[in-house]
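Enquirer: Here is what each chain is made of, one letter per residue.
2 protein chains.
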Amino acid sequence: MALALPEPRWPERLSPLKVVDDLLRCGICFEYFNIAMIIPQCSHNYCSLCIRKFLSYKTQCPTCRVAVTEPELKNNRLLDDLVKSFNSARQQLFQLVLDSPPVSPPM
Amino acid sequence: MALALPEPRWPERLSPLKVVDDLLRCGICFEYFNIAMIIPQCSHNYCSLCIRKFLSYKTQCPTCRVAVTEPELKNNRLLDDLVKSFNSARQQLFQLVLDSPPVSPPM
Ligand SMILES: [Zn+2]
Ligand SMILES: [Zn+2]
Ligand SMILES: [Zn+2]
Ligand SMILES: [Zn+2]
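These protein sequences, in sequence, are chains E and B.
Positions 17 to 123 (the numbering used here) are the ones given, in order, by the first sequence.
Positions 17 to 123 (the numbering used here) are the ones given, in order, by the second sequence.
Incorrect hints may appear among the rest.
No copy labels: a pair is met if it fits in one copy or bridges any two.
DSSO-like, lysine-lysine: derived pairs with alpha carbons at most 27 Å apart [what the hints assert, rightly or not]:
#: 1; residue 1: K69; residue 2: K100
#: 2; residue 1: K74; residue 2: K90
#: 3; residue 1: K90; residue 2: K100
These aren't lab readings, by the way, just hints derived from the structure by calculation.
Kindly generate the complete structure, drawing on both the sequences and the hints.
Expert: Dropping the structure here:
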């Protein structure tokens with residue numbers, strides 16, 4: 017089972033960052049945003065491909081159901097930059113935690 | 017001098033997160049976004065108050081100079097959620113670093 021998980025478990029000491037990680041994921045595919053698009057009328061965000069596929073089937077936001085068409089989608093580039101920086105920081109911090117001696121009591 | 021700094025120095029072990037921290041700050045006031053607004057035509061973001069003040073003086077994006085008027089600004093609520101979660105995580109991690117023994121060689 018553990019081997020099937022796409023992401024490593026979060027070390028307890030880094031768990032405060034889990035909330036940030038969750039926010040940087042698309043509500044359709046649950047991966048980090050890949051070319052994040054914002055729906056300006058409701059402020060929800062999805063990967064470009066995920067939301068375009070969804071809108072070809074139903075012209076509404078999958079989360080709040082506000083009416084939306086493809087030309088209304090706008091790039092939310094800061095989210096792409098945040099994904100890149102956060103993912104890199106996460107990997108470096110995971111490595112540091114693995115390399116550092118456990119604190120007692122273990123956390 | 018040190019006392020005048022509004023933010024504590026980043027512990028070396030947490031420095032990978034500094035890049036994320038920088039991305040969550042407004043380019044006008046350099047504080048974390050406070051009610052983040054996106055300019056849909058260029059994807060730049062600012063605090064609501066900062067960009068409204070700026071636009072009352074000059075109707076363009078302060079970063080890329082694209083023409084923009086106040087009604088075109090849209091909320092970028094995910095940035096507000098990210099600021100809240102990241103700031104809280106940062107404080108918890110700073111505390112953990114202060115509480116944990118230094119790694120040798122010191123990092
Ligand atoms: Zn997606
Ligand atoms: Zn929505
Ligand atoms: Zn500002
Ligand atoms: Zn701009």
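Enquirer: Hint by hint, where does the structure go against what was stated? Just the numbers, ascending.
Expert: none
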